[in-house]
Each structure stands twice: as C-alpha cells, then as structure tokens.
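Asker: The whole structure should be built from the sequences, with the hints applied where relevant.
Heads up: the sequence lines are chains C and R, in that order.
Numbered by my numbering, the letters in the first sequence go through residues 1 to 133 in order.
Numbered by my numbering, the letters in the second sequence go through residues 1001 to 1276 in order.
Treat the hints as calculated values from the structure; they're not laboratory data.
Source: prediction; values computed, not measured.
Positions of the beta carbon are idealized from the N, C-alpha and C atoms, including for glycine.
Don't take every hint at face value.
Unchecked claim - Partial list, computed: chain C residues near chain R (C-beta under 7 angstroms): (1) K38; (2) V40; (3) T41; (4) E115.
Here are the chains, one letter per residue:
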Amino acid sequence: MTQPRELPIAGNGDVVLVRQHVRKVAVEVGLSLVDQTKVVTAASELARNALVHAGGGRVRIEIVHNGVRQGLRLAFSDEGPGIPDVQQALTEGWSTGNGLGLGLSGSRRLMDEFELVSEPGEGTVITVTKWAR
Amino acid sequence: MTISTTAAQRRIEDLLGSHEAQTLKRWQEISETPADELRELFLALRAAVGEGDFSDVRGLLADFSRSRARLGLPPAQTSRAVFGLKEAVYELVEADGDPEALRGYIWFSKLVDDLGLFTFETYSAAREKIIRDQAEQLLELSTPVVKLWEGIVAVPLIGTLDSARTQVVMEKLLQMLVETGSEHAVIDITGVPAVDTEVAQHLLKTVAAARLMGAECSISGISPQIAHTIVTLGIEFGDIVTKATLADALSHALQRSGVELRRESSARIAVKAERA
Ligand SMILES: Nc1ncnc2c1ncn2[C@@H]1O[C@H](COP(=O)(O)OP(=O)(O)O)[C@@H](O)[C@H]1O
Ligand SMILES: [Mg+2]
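Answerer: Have a look at this one:
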C-alpha cells in the first residue's frame, strides 16, 4: 500500500504532479471513476490556491481507515497570508484574484469532509477526505 | 580604462598591430576555428586594446557564441576558441623578449580570461533559450487545430490541461478561425482527465472570444465524470452548446451551416437488391 507522502507545491509543474499522485492513490483506495475525478479536481483547486494565493505550500496525501471503510485524505498547508474571512472565501463567486471564485466552495462539495484552519498572517491548512463507497 | 593604459599594454597593442597576419594564423591553428570568423574579432580586439572600450568585442563574441550554440557545437570548443588567442600572443611576446611586453602579457591574459568567460555565459544563455523555444514548439505541436469541414474547425484536447497549454490552444483556435474564415469551432475534451475551475475559465474565455469574432463555439466530449464534477463545482456553461461526442458537435455545426445530412445506407441496400 502506498505510504503517506508529502509533495511540494512550488510551481505549475508541481500541481500536475499532485494531481497525478492523487489519481493513483484514489484508484488504490477503490474510489469510483466519478469520485476519482472529483478528488483529483479538488486537489487541483486546493493546490492551485496554495500556489496562487499563498505563494506555494505542500500537500500530504494519505490513505485513512474508518472501520471497514477506506478513504483518501489530503492536507494542504501553506505559510501564506491566511484567509481573514473564511465564510466570505467560501462564498460562490468570491475571488480576491481574477479566478471564478468557485475553488474553495466547490472543493467542499466535491469531498466528504472539509476542514479549513487559517490564521491571518500565519497561513492556511485545508484537510479534505473522500471515503470509498 | 584609457587612463590606466600603461606602457606595457601599449607594447601588446603594437605587437598585435605589427604581427597581425602571423598572430591570426597561429590563433586559427590553435583554436581550430575558420580564419574569417576570427579576423573580425581580432581587428575589433586590437582596436579595443588601444581605446580601452571592449563593447564591440563583446558584441562580436556574443554573436559568435550564439551562432555556435545554434549549430550545436560544444561549449568547451567555443570558449577554447577564445582562450587560444593567449597562446598565440604568448608566442609573440616570447619571441620579442622585451620585459615590458611580458608585463603587458599578464594584463592581456586576464583580459582574454574575462572574454572567454563572457563567451561561455552567452553560449549557455543561448542554449537555454533554444531549449525553451523547443519546449514551446512541442506545446504547439501537441495541440493541433484541424479543419473538419468547410467553415468548421476543431481542436481535440488530450492529456492534462495546464494554463500554459490552454492559453496556446485558445490563441491557435482563434487564429485558425480567422485564417480559414470558419464560423464554427468545436473544442473536444474527450481526452482530458479533469476540468478544474481554471481550465473551465480558459474554455469559457475562448468561447466568448470566438463569439466576438462572429463564430459559434461548442464543447464536446464531456464525460459523465467530468459533467458531475463541473456541476458540483458550480461552473455554469450558460448557453454554450455542449455535445456528448465530437460527431454530435460536427453534425450540430453542419446543421447550423445549412448542410443537410441524410442516411443513405438503406438506399444502397435497395440498389443492391434491385441488381440481384
Ligand atoms: N491558500 C490560501 N491562502 C490565502 N487565501 C486563499 C487561499 N485559498 C483561497 N484563498 C482566498 O479565497 C478566495 C476564494 O478561493 P477560490 O474559491 O479557490 O477562488 P479563486 O481561486 O478563483 O479566487 C481566493 O480568492 C483567496 O482570496
Ligand atoms: Mg481557486
């Protein structure tokens, strides 16, 4: 079984590598094709946010268990500016850049669990999990 | 620089002037570089040693190393061509025997070292640029825009879409619309494993730009899992025409351009039956 792995997010190439590794682990966990695509897309959103809004960060990718169920957990962390108003950031269409503003809110819906911890000036940690059905 | 021109340096300048043909010939032999490539450099260098201004020499050296980088000649050979001049001039100084010339040679040798390093640096920069250009060309090659029918172009996207590639696709598609005078474009994403908000934004912009140019742009090949994901993300494609397959999109575009499609297979069977 694939060991937990931490990947850097420092450039566009890294976002592609994160997506590829997440896809591989999603298959291993036994996610359906639809769920694989959802997790890969959420990973792409959160990795890109770390890159664009925080100047880079990293992601920890691991397989988790809950009784007999297996899941895939991704923890994105960065030391960027943090998110001052989390509710606002999670509002559909809200963007401080010129994106669609759907990455955070969309990722929350794409995953089963979503936890966002952010301290302005310290950085942001977003942990998401998808369970195999 | 002119102020610091010492008697020793002037000796070197004199030597280079009075032994032009001889030095050039030796330099050419040592560096294994064609004489015509070296002559211009030599003349510029001689003038620079007198005037103390090396910008012309640097300009020539930059051209020299860039053309060698383009030809794929090894970097060591390129800087050796420059360093070869030290040996040629040393022979001159030795034959001359004047201690003043020897002092001048130490200065000259440092100068050639600097110029050699400069050559190596421009060579590396030129190589890097060539590699970057090639990567860009590959990007272009991997995103062909094809003409499907008179007035209909399509771009089949395959593999991971990053923003650099989507940008290239968008530009090529718009350019192709102009070149072919097409009124319909199809972006086929059958081969794309995932569409995130950034890629979606690029697609939406492409469609909007195509519309501004008077063309209709549809998107085909949206797999069930990508459709699910796009809807969950909350991306709205608005009134953009989307089709399940490239074939559907083509038939839609044909219809819009007034081409009528009829199935003729049954008729053909009828013909066969008649003959039998
Ligand atoms: N890692 C992060 N660090 C700081 N700010 C962030 C981070 N992720 C998201 N944000 C903020 O939340 C907003 C909404 O994010 P998102 O929904 O992905 O939209 P978009 O990336 O298109 O702007 C961003 O515009 C940004 O202000
Ligand atoms: Mg985002």
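Asker: Decide, hint by hint, whether the structure agrees.
Answerer: Cross-check of the supplied hints:
About 5 angstroms separates the beta-carbon of K38 (chain C) from the nearest beta-carbon of chain R, less than 7 angstroms, and the hint is met. For V40 (chain C), the interface hint holds, the least distance from its beta-carbon to any beta-carbon of chain R being 5 angstroms, beneath 7 angstroms. Taking 7 angstroms as the C-beta cut-off, the interface hint given for T41 (chain C) holds, the closest approach to chain R being about 5 angstroms. Interface hint status for E115 (chain C): violated, as the beta-carbon distance to the closest one in chain R is roughly 19 angstroms, over 7 angstroms.
Taken one by one, the earlier hints fail for this structure only at number 4.
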